[in-house]
Amino acid sequence: MTLDLAMRVTEVMLALAMIQQGAEHLSGKGRTLFALRIALCLWLLSGVATGFAFLGLFATSLVHLHRFGGPYNGGSDKMTILIVTCLMVARLGPSPLWAELAMAYLAVQLVLSYFVSGYVKIVKPEWRSGQALVDVFTFSAYPVSESLRGWAARPRLLQVMSWGVMGFEVLFPLALLHPLALYAGLAVAATFHLVNAFLFGLNRFFWIWICAYPSLIWFQGRLEGFTP
Amino acid sequence: MIARTFSQLMPVLFPSWRFFMTVGPSPRVEYREKGGVWRESHPKPAHLSVGQMALRMFSNHARNTQLYAVALAERLVAAPCDHSRDELMRLVAEAHGSAGQLQFRLVFVMREGEELISEVIYTSDLFSAEAFL
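If you're matching them up, the sequences are chains A and B in order.
Going by UniProt numbering, the residue at position 190 of the first sequence is 190; the numbering climbs one at a time, nothing skipped.
Going by UniProt numbering, the residue at position 32 of the second sequence is 32; the numbering climbs one at a time, nothing skipped.
Keep in mind that a hint or two might mislead.
What the hints assert, rightly or not - Straight line, CA to CA, 30 Å or less: simulated BS3-like cross-link-like pairs of lysine-lysine:
no., chain 1, residue 1, chain 2, residue 2
1, A, Lys29, B, Lys34
2, A, Lys124, B, Lys34
3, B, Lys34, B, Lys44
Claimed, not checked - Reference listing, derived: stretches of chain A covered by chain B, where coverage requires no fewer than 3 residues with Cβ under 8 Å from a Cβ of chain B:
no., segment
4, 4 to 14
5, 48 to 60
6, 88 to 95
7, 135 to 144
8, 182 to 191
Claimed, not checked - Examples of chain A residues toward chain B, derived with CB under 8 Å:
no., residue
9, Thr32
10, Gly150
11, His178
12, Ala197
13, Phe206
Derived from the structure by calculation, the hints contain no laboratory data.
No residue lacks a Cβ here, since even glycine has one placed at the ideal position from N, Cα and C.
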């Protein structure tokens, strides 16, 4: 995937993800901010001078952080603003090198988002035993319905799921070794986000994380270019 | 203002990605009308079908509001500030949906050995719902 294609695919996917985010707020107070963000996303979709649309989205992101006292939806807002910032730098930077560096930074952050998340779990005994996931279903705020709390009564299954998640997350960087491995890794990752969206209601994480995938596909190809 | 914005932006541009490192005490936001019975402000549905979960991929405002309330509760206990308190008042007033004197409290559920225990960590003053509707 070329850099230009990766940037264009990312900005189209980002625009659609942010329209979905903003649409959830259009019936409440503060809808002006979200209507403005949707308008800027439509500008992104047009493909015309998108760097300035990103400038507007970055400014509204600062207002968004101020309005909600930090991220509204945790990590999904962080990833949204990270992508907006990287693409803003890529589009408005003074040379093509800036675009490469910005997209590479996004790709590296995507890899870290899985690896760090897996590493901090795998060093914890409660995650290795499956107890942490039992607690998630027993009393955390995350299960999307009360009936899902019944999963806490299946500790063996949850231990297997814990190792599945941790294993996938810490091994994800190895996907960079081959294009096919990367596509397989990204398919597993997207499935992981989809399951989280269904079980825990984290729909925004699914849509925004997959927006960063084109940067990694380009980055993997760029790294291969360095191989003798 | 600039310093605050900067402090909010830096963890976004240089994220730690430490998702679910531990499963700590989990907050529930409860509220009541003056002198009334406490009830959960944003209760979960008893059951969701796979189809309903799939629909929530595209429109999930109620659930994301729940998650925002959880984040506010955690912020209010970790570092008390007017913003978190006022936002929780707004969410509670909107969940209540009509005028009245309201009060909210934060109940944290946590594991202590084999037992689950609940502890009220924060109780707000009475406030007028009209101010947020």
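Structure-based check of all given hints:
no.: 1; hint: A:Lys29 x B:Lys34; verdict: holds (26 Å)
no.: 2; hint: A:Lys124 x B:Lys34; verdict: violated (44 Å)
no.: 3; hint: B:Lys34 x B:Lys44; verdict: holds (24 Å)
no.: 4; hint: 4 to 14; verdict: violated (count 0)
no.: 5; hint: 48 to 60; verdict: violated (count 0)
no.: 6; hint: 88 to 95; verdict: violated (count 0)
no.: 7; hint: 135 to 144; verdict: holds (count 8)
no.: 8; hint: 182 to 191; verdict: violated (count 0)
no.: 9; hint: Thr32; verdict: violated (17 Å)
no.: 10; hint: Gly150; verdict: violated (10 Å)
no.: 11; hint: His178; verdict: violated (24 Å)
no.: 12; hint: Ala197; verdict: holds (6 Å)
no.: 13; hint: Phe206; verdict: holds (7 Å)
Figure legend: structure checked against the earlier numbered hints; hints not met, in rising order: 2, 4, 5, 6, 8, 9, 10, 11.
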